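There are 2 protein chains.
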Amino acid sequence: MAISGGQKPAQRPARAQWLDSGNSITQQFMAIGGRADIVSLAGGLPAAELYPVEAIARASERALARWGSVALEYGSVEGLPALRAAIAERISASAGRRFGPENVLLTTGAMQGLDLLGKALIDPGDLIVNQFPTYLGALDAWRPRQPRYERLDWSGEGPGFEAGLRQAKFVYAVPNYSNPTGVLVSQARRAALLDKVLEAGTWLVEDDPYLPLQLDGAAGPSILALHGERHPTGAYDGPVIYLGTLSKSLVPGLRVGWVVAEAGMIATLALAKQSTDISSSMFTQAVALELIESGFEAEHIPRIVAAYRERRDALCAAAAQHLSEWFSWEVPPGGMFVWMRAKSAEIDTNALYACALEEKVAFVPSSVFDPDGRLTDAMRVNFTRSSPEVITEGVRRLERAVQRYLASKAGRAA
Amino acid sequence: MAISGGQKPAQRPARAQWLDSGNSITQQFMAIGGRADIVSLAGGLPAAELYPVEAIARASERALARWGSVALEYGSVEGLPALRAAIAERISASAGRRFGPENVLLTTGAMQGLDLLGKALIDPGDLIVNQFPTYLGALDAWRPRQPRYERLDWSGEGPGFEAGLRQAKFVYAVPNYSNPTGVLVSQARRAALLDKVLEAGTWLVEDDPYLPLQLDGAAGPSILALHGERHPTGAYDGPVIYLGTLSKSLVPGLRVGWVVAEAGMIATLALAKQSTDISSSMFTQAVALELIESGFEAEHIPRIVAAYRERRDALCAAAAQHLSEWFSWEVPPGGMFVWMRAKSAEIDTNALYACALEEKVAFVPSSVFDPDGRLTDAMRVNFTRSSPEVITEGVRRLERAVQRYLASKAGRAA
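If you're matching them up, the sequences are chains A and B in order. Terminal number for the first sequence in our numbering: 469, no gaps in between. Terminal number for the second sequence in our numbering: 469, no gaps in between.
No wet-lab data here; the hints were simulated from the structure. Everything hinted at is true.
One-sided and incomplete, this derived list gives chain A residues near chain B with beta-carbon spacing under 7 Å:
#1 A112
#2 T323
#3 F338
What you are looking at is a predicted structure, and each value in this text was computed from that prediction instead of being measured. From the three backbone atoms N, C-alpha and C, an ideal C-beta is built for every residue, glycine too.
Could you put the whole structure together from the sequences, leaning on the hints where they help?
Have a look at this one:
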């Protein structure tokens, strides 16, 4: 067929190379988002029916009455000064030392904090020492910068771990109810990691989105707080770069997150943010400020924690009944996920995932949490998004998916 | 001095290399943002006193009543479906062909569109052919990806221009009231560029933030529309990647912008956005939808256009009185800026800038709009942010700044 008047070339310039370096299961897993017939235990979404729509409507009204056109400006790159101060206040209260607004950068959710860290710190080939398995979103955020990864060894005893730290641009850890494993890292291990980071002279990125979701007892001090307690006076100049968000305690849709770090790092991240989106919305930041200052957030958290505890328990009870033949797990003391490890090497959760879709249930296969995509013996199961009844139905479907998967394997083997 | 307990290393790992590749005058120019004693003719900010605070308060109320928790979710990466459809509708109406929601990605302002284009298309060393002088924000957005630049030759007659196009990842152009020059590119030149882009088989990024600010007559069809008219049926598969925003017609603080392109490019940009901030705020998108659907935006634009026309005329009148000895300019038919070129090579606007700050007035020196930082004979002067009286006072201060600058040069020469 003739090309008409040279109008349509065979191919325009290719997209950037990093876009073809991802894990194909990730794409597949993203694609099911919209299917209403599927019970999704896959996402990391809060319970939408608990979103405080009325409180946010009232906060929006108050925010515009209070700030007027200021809430509708580009605003400063670092964020609405009053909200920066409020976050500094909150962090100071829990960290045994003073942080000021100069230690806070407001971001479009904590996810943007990860993107900005990648931009500001990573040159191609740089080393990141990261908690393993690790948050898919962090791997995604840093892929355009093409780093290398080594595994964070919380025991601190692995060979070469300290040498790795000395070469690393930063360490990435989610000590509170990690995504995907739900693990709460002990205070002793946090302190030991802090010591090693200080010795190695590198940065430590502490990602703490799940802090509000303390289902069984307190999470204990953050690594930022552990360092703060050792240096209670003067300007903060420690190695911890701490990420927080309102997405889990209130709603994701305001897209309000923050980075807390020494002032020079905040200035560097602000430079990266300036060239990313000029500024986040001052309007949603002003709404967030109302929700924090009025005490609404603090009052709301116990409501969602109670609901999530019930849902976690429903998930674990159903799994004990339907999945314990093939999977084992620990009951997570907080967060949003149960991490189920296959008891037998014969289960590959990438392959199981296809059977799960046929049974109209979704989870997240473990391979997406591995920079190399090789971890295929576990799955992440969410308990926050759906009611106990829906979760229980999802687990029943998972049981059928495992049976279908094993039967098809046996059929192929026969 | 002894290092106490190995706690504070001399230096932690360095920031990414691109951060040290910028133009130092840019930093200096950013730094004055907050100084109340300075008349700033520097920024690209709308008139805050014209922000429709009341209309936005009402739209927020309606948006939450209409969408409830949907407006408070992460939402889909591509944006609120109803707003994608509304933008597709708007673009279709002006482009002589149909665009669908699949052709629209909503972004955190048009600036994020530039960031995502950089992520999605640029590998280090890739060539961009860009309008010269060009928008500082675009250069900033792409710096982390480290591209090379060649100048867009609107005459199309320069040697090697077509060869450059064939090697380029994309062309970047701001045909309507360009930042910084205010130039409105003729329809003939737009069509000629489109032909060459089609021939070369590259992408064409058409950045159109100033479209609503048509101060003298109509802007005429966009390049997207020129291409659309040639291919009125079928799915859009042209080379134009078009960027728009509500920041100039309504307010910047909602941070609502959009990219319109063929569906495959939108999917690629959405992949990049997923790993950047998961999604923009559904809440501010729902508010924007109310403001568009209710006809408020269309009704508001004539009010700001009238005010900006008066301010532009005030700036040009004051400049004719106080600056015409040293600078020449064309009255821009739209947008936010007057581009003033020095009549004599003895004026270097980087150096003039320091004198301007001493006289408590700011502009943007031309060097920041040059990827190589070498363009030092012009300045960008904004007329939208301040009242005619303040603008006139700013121009008087500029006159004194030029006198001070020339006197100090003469002093050094003597």
